[in-house]
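Asks: These are the residues of each chain, in order.
2 protein chains.
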Amino acid sequence: MEEKAVTVHWEALKGFCKRVFLRLGVPPEEADVTAEVLVEADLRGIDSHGVARLRRYVRGLQVGQMVPRPKVTVVRETATTALLDGGGGLGPPIGRKGMQMAIEKAKETGVGFVAVRNSNHYGIAGYYAMMALEHELIGTSMTNADTLVVPTFGRKAILGTNPISVAVPAGRERPFVLDMATSAVPRGKIEVYHRSGEDLPLGWATDERGLPTTDADRVLKNLAERAGGGLLPLGGAGELMGGHKGYGLALLVDILCGALPGAGYADTIYPKGPDGRPLPANVGHFFGALRIDGFRPIEEFKATMDDLLRRLKDSPKAEGQQRIWVHGEKEFEMAEERRRRGIPLHPKVASELRVIAEELEVEYDLEGH
Amino acid sequence: MEEKAVTVHWEALKGFCKRVFLRLGVPPEEADVTAEVLVEADLRGIDSHGVARLRRYVRGLQVGQMVPRPKVTVVRETATTALLDGGGGLGPPIGRKGMQMAIEKAKETGVGFVAVRNSNHYGIAGYYAMMALEHELIGTSMTNADTLVVPTFGRKAILGTNPISVAVPAGRERPFVLDMATSAVPRGKIEVYHRSGEDLPLGWATDERGLPTTDADRVLKNLAERAGGGLLPLGGAGELMGGHKGYGLALLVDILCGALPGAGYADTIYPKGPDGRPLPANVGHFFGALRIDGFRPIEEFKATMDDLLRRLKDSPKAEGQQRIWVHGEKEFEMAEERRRRGIPLHPKVASELRVIAEELEVEYDLEGH
Numbered sequence: 025m026e027e028k029a030v031t032v033h034w035e036a037l038k039g040f041c042k043r044v045f046l047r048l049g050v051p052p053e054e055a056d057v058t059a060e061v062l063v064e065a066d067l068r069g070i071d072s073h074g075v076a077r078l079r080r081y082v083r084g085l086q087v088g089q090m091v092p093r094p095k096v097t098v099v100r101e102t103a104t105t106a107l108l109d110g111g112g113g114l115g116p117p118i119g120r121k122g123m124q125m126a127i128e129k130a131k132e133t134g135v136g137f138v139a140v141r142n143s144n145h146y147g148i149a150g151y152y153a154m155m156a157l158e159h160e161l162i163g164t165s166m167t168n169a170d171t172l173v174v175p176t177f178g179r180k181a182i183l184g185t186n187p188i189s190v191a192v193p194a195g196r197e198r199p200f201v202l203d204m205a206t207s208a209v210p211r212g213k214i215e216v217y218h219r220s221g222e223d224l225p226l227g228w229a230t231d232e233r234g235l236p237t238t239d240a241d242r243v244l245k246n247l248a249e250r251a252g253g254g255l256l257p258l259g260g261a262g263e264l265m266g267g268h269k270g271y272g273l274a275l276l277v278d279i280l281c282g283a284l285p286g287a288g289y290a291d292t293i294y295p296k297g298p299d300g301r302p303l304p305a306n307v308g309h310f311f312g313a314l315r316i317d318g319f320r321p322i323e324e325f326k327a328t329m330d331d332l333l334r335r336l337k338d339s340p341k342a343e344g345q346q347r348i349w350v351h352g353e354k355e356f357e358m359a360e361e362r363r364r365r366g367i368p369l370h371p372k373v374a375s376e377l378r379v380i381a382e383e384l385e386v387e388y389d390l391e392g393h
Numbered sequence: 025m026e027e028k029a030v031t032v033h034w035e036a037l038k039g040f041c042k043r044v045f046l047r048l049g050v051p052p053e054e055a056d057v058t059a060e061v062l063v064e065a066d067l068r069g070i071d072s073h074g075v076a077r078l079r080r081y082v083r084g085l086q087v088g089q090m091v092p093r094p095k096v097t098v099v100r101e102t103a104t105t106a107l108l109d110g111g112g113g114l115g116p117p118i119g120r121k122g123m124q125m126a127i128e129k130a131k132e133t134g135v136g137f138v139a140v141r142n143s144n145h146y147g148i149a150g151y152y153a154m155m156a157l158e159h160e161l162i163g164t165s166m167t168n169a170d171t172l173v174v175p176t177f178g179r180k181a182i183l184g185t186n187p188i189s190v191a192v193p194a195g196r197e198r199p200f201v202l203d204m205a206t207s208a209v210p211r212g213k214i215e216v217y218h219r220s221g222e223d224l225p226l227g228w229a230t231d232e233r234g235l236p237t238t239d240a241d242r243v244l245k246n247l248a249e250r251a252g253g254g255l256l257p258l259g260g261a262g263e264l265m266g267g268h269k270g271y272g273l274a275l276l277v278d279i280l281c282g283a284l285p286g287a288g289y290a291d292t293i294y295p296k297g298p299d300g301r302p303l304p305a306n307v308g309h310f311f312g313a314l315r316i317d318g319f320r321p322i323e324e325f326k327a328t329m330d331d332l333l334r335r336l337k338d339s340p341k342a343e344g345q346q347r348i349w350v351h352g353e354k355e356f357e358m359a360e361e362r363r364r365r366g367i368p369l370h371p372k373v374a375s376e377l378r379v380i381a382e383e384l385e386v387e388y389d390l391e392g393h
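Chain order of the listed sequences is X and Z. In terms of the working numbering, the first sequence has 189 at position 165, counting the first letter as 1, and numbering is strictly consecutive. In terms of the working numbering, the second sequence has 45 at position 21, counting the first letter as 1, and numbering is strictly consecutive.
Chain X extracted, bound-state conformation:
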């Protein structure tokens, strides 16, 4: 029996996710922020990082990769920097704590950077960078991730899609919110093409020999079996279109999120015990905040931002195009619409949520409203 698509209110969806986390032993505050980060991704239209991931969080908590009540510690701290150990807990509460510390430090000293080790998947990078906006700070957030990306001239996935987000306040214009994987596309995009049976554009992925391929099925199978190949960095295969630049950005993220905090890096992020069972993950994050008035009065800066963003948006369009976007705009518009009209869940995702509710004996109240 096929599930029908279902549109749900964001608050109901957040409430459901929170109950799931509570059921799995996560304390209320941590359950709340984890639910919030997932639903925020759905609101912003980044469905691949929203409640479609709930199953992985549930499994992570069940198998011990994610610790429901971790001991989070401040390992080192100066006025401008800190190292946090997340104790293997859920990414969003640890991430929020890290970004909050960076923001506090920036308010006091002008700049704050916080690196995090022993964490897990933290959802959308933009959530944390955007926390800086209400304090009129520039915010940044990045994370390393499971190995899906092949370095330039390689044939083994050894880096993650390692996203970078930077949020910058503006005046009348919406803030600039860059939130980008450093791969050409995320794995979810390959899955979409796989479902539709379409050929991949050359430059998204390589086969197990490290050669560009259009075969989505082969790429996904290879990744599942760790048979070689994977996603290509931003810029594609080789150096002709700049693939070495995307590879460099992915490596930079692994340096700041893996090497700097002493977290996992490359293929050491998800350790396993001698029996093959997953141990608590060692994902790393890096958060930063910067005071604008260390350089310029904030109102002057915002006026310049408005002018800069408008110059781009008002500049002449390419033939056949109606609009030039600034980063974050699409997501803000989507979030406004989905807050009003509800979040449309893919039938498979809705079905998955219902199964999770049944398994965990959690109330499922998303449909039939």
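Certain hints may be false.
No copy is singled out in the list; a pair is fine if it fits within one copy or between any two copies.
[To be verified] Simulated pairs of lysine to aspartate or glutamate, DMTMM-like, Cα-Cα distance not exceeding 25 Å: (1) 296 - 324; (2) 296 - 360; (3) 337 - 263; (4) 341 - 241; (5) 296 - 338; (6) 131 - 383; (7) 341 - 170; (8) 131 - 317; (9) 337 - 222; (10) 131 - 382; (11) 131 - 241; (12) 341 - 231; (13) 131 - 101; (14) 296 - 330.
Please keep in mind that the hints were generated in silico from the structure rather than gathered at the bench. Just so it is clear, the structure is predicted and the values come from calculations on it, not from any experiment.
Chain Z: place on chain X using the hints.
Replies: What follows is chain Z alone, placed relative to chain X:
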């Protein structure tokens, strides 16, 4: 009469450039660092940013776009941040001063960021980021630049190739030195294809309608005449291959280098007077330095860096490939070779230098050794 290729010693080349700057009224210390930054680019194999640019510096000083003896001022300063005004002077001395300040602040507080306005072309971004390495700091450097790059879905060049550099120390391995334009390629690459008559790969540039083109001649003419079109951001045209990400990085650089210091941005970087003559330029830069031991003991970090970089370099190669590089490696190897064997100058560049020497009555001692 065609000039022959000529190989020159880097010290002789630097000495020549320095004499040129001295002749144009630049004080000795500033002449020295400007010559050093140009020759460092040639040593590292980034010929487009080396002495091939000397003519533009000479003209910039002659027409008043670059001020030989600028008044450089610290406009704002905190323990972690500063805003420098370069007074319209040469980029390299101002850039070195900005990066030195960022380094001093990082040594004292853990982090330092310095933004610069009223500067000029500063050469290779990597020169400044790498200054952090001898202090065992992570360094970053970026600059905005003349409008050559078309935003996603646009048809007017309104951003620069806006490079980003980040340098990170390692232990036994060479440091990681990312130094990348945020466009797919720099203009120099289009010029190389133009000279050879080859078609451009689709994804490097657009024509005046904003559509991808393979026609190098058309792109260069359009850029010279400001007729529309230009270079594409990293990721190419549209969003399919991630062009909006390269556009986002270019815009981020313009925010940090233009909007934050109150420098020029978008198409306001090179102002002209009412008579059409260039006024002192208003290029902006952004420099940063970060103490590693704010997070982790430096020796532990370096050992991890070595392991991370070796995991990449030792990972299996794509079919037909012999080597995986880490960023900076190619340039370090090139610099060692060119320091030993000399820098090969393109005949046109050597000829240009000789003409400059004659015009300015500066001793030309580069050939015949």
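Asks: Please go over all the hints and tell whether each is borne out by the structure.
Replies: Results of checking the hints against the structure:
For the identical chains of this complex, residue 296 and residue 324 are inter-copy neighbours only, at 23 Å across copies versus 52 Å inside a copy, given an alpha-carbon limit of 25 Å. In this assembly of identical chains, the alpha carbons of residue 296 and residue 360 never lie at most 25 Å apart, being 42 Å within a copy and 43 Å across copies at closest. In this homomeric assembly, residue 337 and residue 263 come within 25 Å of each other (Cα to Cα) only across copies, at 16 Å, whereas the closest approach inside a single copy is 30 Å. Within a single copy, residue 341 and residue 241 get their C-alpha atoms only as close as 36 Å, which misses the 25 Å cut-off; across copies the closest is 22 Å, which meets it.
Only between protomers do residue 296 and residue 338 lie at most 25 Å apart by alpha-carbon distance; the minimum there is 23 Å, versus 52 Å within a single protomer. In this homomeric assembly, residue 131 and residue 383 never come within 25 Å of each other (Cα to Cα): the closest approach is 45 Å inside a single copy and 54 Å across copies. For the identical chains of this complex, residue 341 and residue 170 are inter-copy neighbours only, at 20 Å across copies versus 38 Å inside a copy, given an alpha-carbon limit of 25 Å. In this homomeric assembly, residue 131 and residue 317 come within 25 Å of each other (Cα to Cα) both inside a single copy, at 10 Å, and across copies, at 22 Å.
For the homomeric pair residue 337 and residue 222, neither the shortest alpha-carbon distance inside one copy (32 Å) nor that between copies (34 Å) is at most 25 Å. For the homomeric pair residue 131 and residue 382, neither the shortest alpha-carbon distance inside one copy (46 Å) nor that between copies (56 Å) is at most 25 Å. With identical chains, the CA atoms of residue 131 and residue 241 are never at most 25 Å apart, being 49 Å at best within one copy and 51 Å at best between copies. In this assembly of identical chains, the alpha carbons of residue 341 and residue 231 lie at most 25 Å apart only when taken from different copies (12 Å versus 36 Å within one copy).
Taking identical chains as interchangeable, the C-alpha atoms of residue 131 and residue 101 lie at most 25 Å apart whether they share a chain (16 Å) or sit on different chains (15 Å). For a Cα distance limit of 25 Å, the shortest separation of residue 296 from residue 330 across copies, 23 Å, qualifies, whereas the shortest one inside one copy, 49 Å, does not.
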